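K.L.:
Protein chains in written order, with the working numbering: chain A, 1290 to 1544; chain B, 1290 to 1544; chain C, 1290 to 1544; chain D, 1290 to 1544.
Hints should not be assumed to be uniformly reliable.
Pairs of lysine-lysine residues, derived as DSS-like cross-links and limited to a Cα-Cα distance of at most 27 Å, are as follows [claimed, not checked]:
no.	chain 1	residue 1	chain 2	residue 2
1	C	1434	A	1434
2	B	1302	C	1302
3	C	1380	C	1291
4	A	1449	D	1305
5	C	1449	A	1434
6	C	1434	A	1451
7	D	1404	A	1449
8	D	1325	A	1305
9	C	1404	C	1517
10	A	1434	B	1302
11	B	1305	C	1305
12	D	1449	A	1305
13	D	1404	D	1379
14	D	1305	D	1517
15	C	1434	A	1452
16	B	1434	A	1517
Just so you have them, the derived chain D footprint on chain C, three or more residues with Cβ under 8 Å [stated by the list, open to error]:
no.	stretch
17	1412–1424
18	1429–1438
19	1497–1503
20	1519–1533
If we take Cβ atoms under 8 Å as the criterion, some of the chain C residues that face chain B in the derived model are [to be verified]:
no.	residue
21	1480
22	1481
23	1482
Keep in mind that the hints were calculated from the coordinates and are not lab data. Note that the structure is a prediction, hence the values are computed from the model and not measured. A virtual CB, placed ideally from N, CA and C, is assigned to each residue, including glycine.
Number of protein chains: 4
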Amino acid sequence: MKQIRIGIFGFGKTGKVVAHEFLNESLFTLAWVVRKSNQDHHKYASRLLGHEFDAGEIFSIEDIHNGFFLERPVDALVDFSGSTGIYLYKKAAEAGIPIVAAISKYEQEEINLIKTFSKYTAVLHSPNITLGINVLMVAAQILQKIAPHADIEIVEEHFKGKKETSGTAVRIANVLGLNVEQHLNSIRVGGIVGRHEIIFGMPNQTIRLLHESISRAAFGQGAIFAVKYLLGQPPGLYTMETIIAEMFRENIPVY
Amino acid sequence: MKQIRIGIFGFGKTGKVVAHEFLNESLFTLAWVVRKSNQDHHKYASRLLGHEFDAGEIFSIEDIHNGFFLERPVDALVDFSGSTGIYLYKKAAEAGIPIVAAISKYEQEEINLIKTFSKYTAVLHSPNITLGINVLMVAAQILQKIAPHADIEIVEEHFKGKKETSGTAVRIANVLGLNVEQHLNSIRVGGIVGRHEIIFGMPNQTIRLLHESISRAAFGQGAIFAVKYLLGQPPGLYTMETIIAEMFRENIPVY
Amino acid sequence: MKQIRIGIFGFGKTGKVVAHEFLNESLFTLAWVVRKSNQDHHKYASRLLGHEFDAGEIFSIEDIHNGFFLERPVDALVDFSGSTGIYLYKKAAEAGIPIVAAISKYEQEEINLIKTFSKYTAVLHSPNITLGINVLMVAAQILQKIAPHADIEIVEEHFKGKKETSGTAVRIANVLGLNVEQHLNSIRVGGIVGRHEIIFGMPNQTIRLLHESISRAAFGQGAIFAVKYLLGQPPGLYTMETIIAEMFRENIPVY
Amino acid sequence: MKQIRIGIFGFGKTGKVVAHEFLNESLFTLAWVVRKSNQDHHKYASRLLGHEFDAGEIFSIEDIHNGFFLERPVDALVDFSGSTGIYLYKKAAEAGIPIVAAISKYEQEEINLIKTFSKYTAVLHSPNITLGINVLMVAAQILQKIAPHADIEIVEEHFKGKKETSGTAVRIANVLGLNVEQHLNSIRVGGIVGRHEIIFGMPNQTIRLLHESISRAAFGQGAIFAVKYLLGQPPGLYTMETIIAEMFRENIPVY
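Model the full assembly from the supplied sequences, consistent with the hints where possible.
P.N.:
In structure tokens form, the structure reads like this:
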């Protein structure tokens, strides 16, 4: 079977773990990685991550010129860099290469750009690309409709060093129409990787939807899931949330 | 607005709480209650439950004769008695009165009978009629399809005195195709009203769906929900689970 | 065996449950109950709470005169009324009757009064008299000393209608030296009876101490525990917390 | 300040993490590591673990001869190897070097040997050396004494691949006198690092003591804690549990 060739933007803490996950799946071959700095220039991501083979040659953003994507063709692009990474792969988008943009926060200008891209190719943008968080997000919206009188609160727990409120939790609050100041509770202690809880309180019963992150590899698995989904999809703008919502629809139990 | 007239079978611990919930909702009027024994014969359930008005005259099962349902017409029947209660309201079913049968366990004979009833009227049978448990049940089945590689375990916690495994937990295991011996864990301590947890373990993340019962009134609220739903439905066999599954389908978020 | 005679101040929601618990324990006899209003004057608390015997004659606060405690002697006083209840039983305190004051919040004046009482008799004052909460409070203080670098957060969950922050949670924050604004998180949803969680986050592990209330009867059990303890103790000021701390000391495992 | 010289036995998954933790603490210098095989012979553990300096030269067990501990003196020994590692450092023990043996399970013969060692030096043996688990263990024993009527259940959750019951959970059951078959519940799903919960159920309240492992580094931190404690202690047999119990005693809150 022909392997799916992947190019990754971003080689920070999460980017490395994501590269690692793609390297471990035989379905994929990691073609290259683009990082901001010149560090480890032309080395192989595979070697840096402890593998005994060459894969994922490392380029700097200065290496990206008009011919880059022609000379080093990939079947899908995965972006874990930052909000400005998107400006680098306009050519790839126009050439119809599917894109997974796992970027926490875009400004309006980049959102416009991604919409332009989506005319040429399948583009998926999600601030949190893990399966579990998106399952929670969809289930919570349904539950809110089924039990409209339930009181809802969100609790998110992360390691002490995480300064800002969880963007994922803010997103959950937004889709549920909850005021962040009032209904989002942030706990910062020790080394908790990530824990999101949505509490539905009714007079005689409580429902809790709970997601616990064990490792950042969940982001890599989410990206793998997203790439597999995008291949074969028509051009358009996708999110993990819409994919999961669609999967909910297709998997409603039949009696 | 015309009130919905309710007749209740069963006046045990749960039956009383259910009667109480119907008495508290102005949409309903409690016409009568049928209990097994002659205790409190012809008294009013409302008075016994601390209300200052007359409602829910108490009858014994010996009072049920062919004309009972004609003389004391109701708009819906709610059965929290036991597996044999069903034999008492054949006439009512044939007359097209909607029935909510919240019975933990029927033998084949009673299942056949309920199917017969369902030709004449809308019959809902659910071993656990609470909203929350059925939401958990439907969400778990969908999640199992979305994340087929997740390991699933069920933990149910109840008060020390509850001898048998939670029928609800067994039902959850069954719909998920899980071996009860291997994947259902029962905790019996102190006075826990009821807690059901479904754990989905993936390599890098864990999802937990959790339902905590606060009081038996949740059964009354479930019965109210079921009665409202059944009124206006065509004859047929319904379950809370199918209703909730349908509500999932209708409330998938649209983007 | 001679029964312990109890007098209760307060017959509100909690007071009733407490009376109920004392009525259910054969070690005790409920001599009387004093309530603010004239409601149910001279009726028996036992009858109002569904028992078939006479116990706990109900008096109004206007009935309390100098001779009251001589005419209706008790072995211990239990106060679940309010911060001003204390002014009623000065005579009883001076006569050496042990007092359990389960009052959420006293002003300085009442604190002074209780100190005066403690010269004559054993007085226990605790805003939360449940065993579990006091166990949590003591264990948390020890744990904070053992793991001084752990980050600590408190989460308290209660029913939607509870307007104010849990006094118990504030007390926990205070004994741990935590800023209430920063480290105390309040969740208000549905019908949750009461849930207090203390989270100790360390870089590689998390410890959670969790207390869940099932019913207000826990206050009655706490009062029973307190009365049993106070009988036989010398005059002085006690709290549930100091008693539990003492029990911790006596029960450190020996190897 | 003079650094504390450490020798480590064992360089498997946990041994590596433990070495890593010692390398990160400036109070310590890692003198050497002994592993079973000849792999990475005479390389530096520090280099293998990504550090840019030389520390922790790697020896095989075949390198251990009578003069080993004289030629390469350390201030404390830490053993994360296996039950037979103990036979290698008899000479070190006789020379009075403190020993931390974090071995899950010893047979009687090794228990006897460790007792012999404890005549010459301070020896600490604990199957689980994390602070949190030992805090749970001590707190649970105290709580059982304070609330003797509480029902107790243990739930332990670990990754799917863990075949056997958690030795730590078995140990908790044993100190609480609980039948493992009846009161210990094991959940095996996905990638859960480790979670131990002790549930105390009372009629009106539930207390839960919960420990969640985030990473194996907790074992390294536990070893560091143990070494610091042992230095300066007289010869004898210690356990983390006894040390934590002693810390409980010293930190009972005073009012």
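K.L.:
All the hints need checking, so say for each whether the structure fits it.
P.N.:
Against the structure, the hints:
For the hint linking residue 1434 of chain C to residue 1434 of chain A, the alpha-carbon distance of about 46 Å lies beyond 27 Å, and the restraint is violated. This hinted pair checks out: residue 1302 of chain B and residue 1302 of chain C have alpha carbons roughly 22 Å apart, not beyond 27 Å. Distance check on the hinted pair: residue 1380 of chain C and residue 1291 of chain C sit about 24 Å apart at the alpha-carbon level, within 27 Å; holds. Taking the CA atoms of residue 1449 of chain A and residue 1305 of chain D, the gap is near 25 Å; set against the 27 Å cutoff, the hint holds.
A C-alpha spacing of about 19 Å is found between residue 1449 of chain C and residue 1434 of chain A, which places the hinted pair at or below 27 Å, so the restraint holds. As the CA atoms of residue 1434 of chain C and residue 1451 of chain A are separated by approximately 25 Å, the hinted pair is consistent with the 27 Å bound. As the CA atoms of residue 1404 of chain D and residue 1449 of chain A are separated by approximately 42 Å, the hinted pair breaks the 27 Å bound. Using a Cα cut-off of 27 Å, the hinted pair residue 1325 of chain D and residue 1305 of chain A is violated, with the two alpha carbons roughly 32 Å apart.
Note on residue 1404 of chain C and residue 1517 of chain C: the hinted pairing holds, with a Cα-Cα distance of about 21 Å set against a maximum of 27 Å. Annotation: proposed proximity of residue 1434 of chain A to residue 1302 of chain B is violated, straight-line Cα distance about 31 Å (limit 27 Å). Proposed proximity of residue 1305 of chain B and residue 1305 of chain C is supported: the alpha carbons are some 21 Å apart, at most 27 Å. In summary, the hint linking residue 1449 of chain D to residue 1305 of chain A is supported, as the alpha carbons are separated by about 25 Å, within the 27 Å threshold.
Using a Cα cut-off of 27 Å, the hinted pair residue 1404 of chain D and residue 1379 of chain D holds, with the two alpha carbons roughly 12 Å apart. For the suggested pair residue 1305 of chain D and residue 1517 of chain D, the alpha carbons sit about 20 Å apart, so the restraint of at most 27 Å is met. Distance check on the hinted pair: residue 1434 of chain C and residue 1452 of chain A sit about 26 Å apart at the alpha-carbon level, within 27 Å; holds. A threshold of 27 Å between alpha carbons decides the hint, and for residue 1434 of chain B with residue 1517 of chain A the separation of about 17 Å falls inside it, so the pair holds.
Only residues whose beta carbon comes within less than 8 Å of a beta carbon in chain D count, and the stretch 1412–1424 of chain C has 4; three or more means the coverage holds. Residues of the stretch 1429–1438 of chain C lying with their CB closer than 8 Å to a CB of chain D number 6, which satisfies the three-residue condition for coverage. For the stretch 1497–1503 of chain C, the stated coverage by chain D holds: 7 residues have a C-beta nearer than 8 Å to a C-beta of that chain, and at least 3 were required. Residues of the stretch 1519–1533 of chain C with a Cβ under 8 Å from some Cβ of chain D number 4, which satisfies the need for three, so the listed coverage holds.
A hinted interface residue such as residue 1480 of chain C counts as satisfied when its beta carbon comes closer than 8 Å to some beta carbon of chain B; here the least separation is about 5 Å, so the hint holds. The interface hint given for residue 1481 of chain C is met, as the beta carbon of that residue sits about 7 Å from the closest beta carbon of chain B, less than 8 Å. Proximity of residue 1482 of chain C to chain B holds as hinted, the smallest CB-CB distance being about 7 Å (cut-off 8 Å).
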